[in-house]
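Colleague: Please build the complex by placing chain B on the supplied structure of chain A, with the hints as guidance.
Protein sequences, first through last, are from chains A and B. Going by this note's numbering, 80 is the number at position 80 of the first sequence; the sequence numbering is gapless. Going by this note's numbering, 32 is the number at position 32 of the second sequence; the sequence numbering is gapless.
FYI, nobody ran anything at the bench for these hints, they're computed from the structure. Backbone N, C-alpha and C define an ideal beta-carbon position, used for all residues, glycine too.
Taking CB as the label site, the calculated pair distances span:
{"no.": "1", "chain 1": "B", "residue 1": "34", "chain 2": "A", "residue 2": "3", "range": "40 to 46 angstroms"}
{"no.": "2", "chain 1": "B", "residue 1": "81", "chain 2": "A", "residue 2": "86", "range": "36 to 42 angstroms"}
{"no.": "3", "chain 1": "A", "residue 1": "21", "chain 2": "B", "residue 2": "324", "range": "55 to 61 angstroms"}
Single-letter residue listing:
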Amino acid sequence: MVKSDILNVYFTQMVASLKKKLDQKITARRKFIYEIGRIGTRMFDNQWSVGWTTVFVPYEILNSMNVSGMFVEFFGAMLSGTGMANKYFEIAEDKGYSTDSCTYHRAIIGAAMDGLIPEPSVLIGASVPCNGGVKH
Amino acid sequence: MGWVCSYTPLELIYAAKFLPYRIVGHSNPVKNAHSYIHPNYCQFVKSSIDVAIDGGYNFLEGVVFINSCDAMRRLYDVWKRFVPSKFVYLLDLPMGDSSLGYKYLRDEFYKLKIALETHTGRIIQEEALERAIMLFTKSRSLYWKLNSLRLENPPLISGKEMMDHTNEFFKSDPKMWNDNKKDLIEEKREKDLENHKPRILLSGSPIHNVEFIDFIENCGLNVIYEDLCTGSKFFDLNVPKSKDPLMSLSKAYINRPPCARMMKIEERAAYISKISQKFEIDGIIHHSLKFCDTYLYDVPHLRDLLNEEGLKVLFIESDGLESMNQLKTRIEAFTEMIKN
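Pulled out of the complex, with its shape left as it was, chain A reads as follows:
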């Protein structure tokens, strides 16, 4: 099993369990997380290409081209939520990324270097809202 399969399993299980719950009762929160999970599974779907993006990138355009936008800051927060971020900070810092820089992006850089996330076909940065988003 390659490292990025961990995420595939994570998102697939998340979607399956929420689907069951949604069949019993629909709540806004469940529906929201379910949709995020579905977007996550697209990263491993051969029908979709992966595009790394920041917030404020127009996902509609990407979707129409079968590019699944991965909002990296969200992913950085997810790594932190699952308690995996520290490992990836260290990997990024070993490479020379400063401890002063934003932790969302440092976690993602470390995770990408470690092979946790599938390689993207495109990278799209937006100059707003922050420098980190467009630089990393």
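Modeller: Relative to chain A, chain B alone:
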């Protein structure tokens, strides 16, 4: 009229009959800025707020900011709200490699022109703009003549002294600066400064304080070129004559040697490498202000690119002139490394 970023069209400000004056802040520990902005911003922005809040920039009519980075945008926000100014303007600057940028930046310059005209109630005549372009072109060519003294090995002028002339340019009328510097080159040529210290190119975040250059030179190095928007790189700009001066300015500014903000890391590395050959550079010091994401994120990739070219690089981080003793040890160790 105050300005902060080297992508500000100084020619346009001068043509509007304002004297462009660079905002540089200070290099001491930050005093009051933390009441106005989060501590997690660079020393340049915080110290500029310090000076402005204390009334140190009250003599300015206003300030033209550029959408350079988050910190600069926040500086604009603080200025607009807390510093008494008659004119505060934020100009948008495109980034990356795209000819679409020429038209966009021309439009931005045009909007600034209209804003200046509305503010002063005076039209900026095309001839005035052309005269301003010629004047600044003259200053740049004088700078390069003066800087050619550093092409010599050993250099005939110190990095500190060049930085003094540069800083003077940021505060004075180019006409007077040009007159003052005209004869300096010959005077300097007559003197022979015998010193065979290693030759250094300095790159990275803006350094406004000449003491920083002096500090590096006192560690046993010669600063030969500043790949900084506050040093030699600032003068590396060529505005050709054309029927549309605003378009000429737009193309010239977009095509100037890039800083980290412009997202052209390969071009940046190629520029550093080209200059290093021309000026017989022995080593590179890349300095980043703390919390300057723009430069910090470039560090690992830039280091790889420069190392591939066989260049020795030292990366340092600082907060103005604080924690200089720590840096001294590292710079001296780097000096030893170059000598060996």
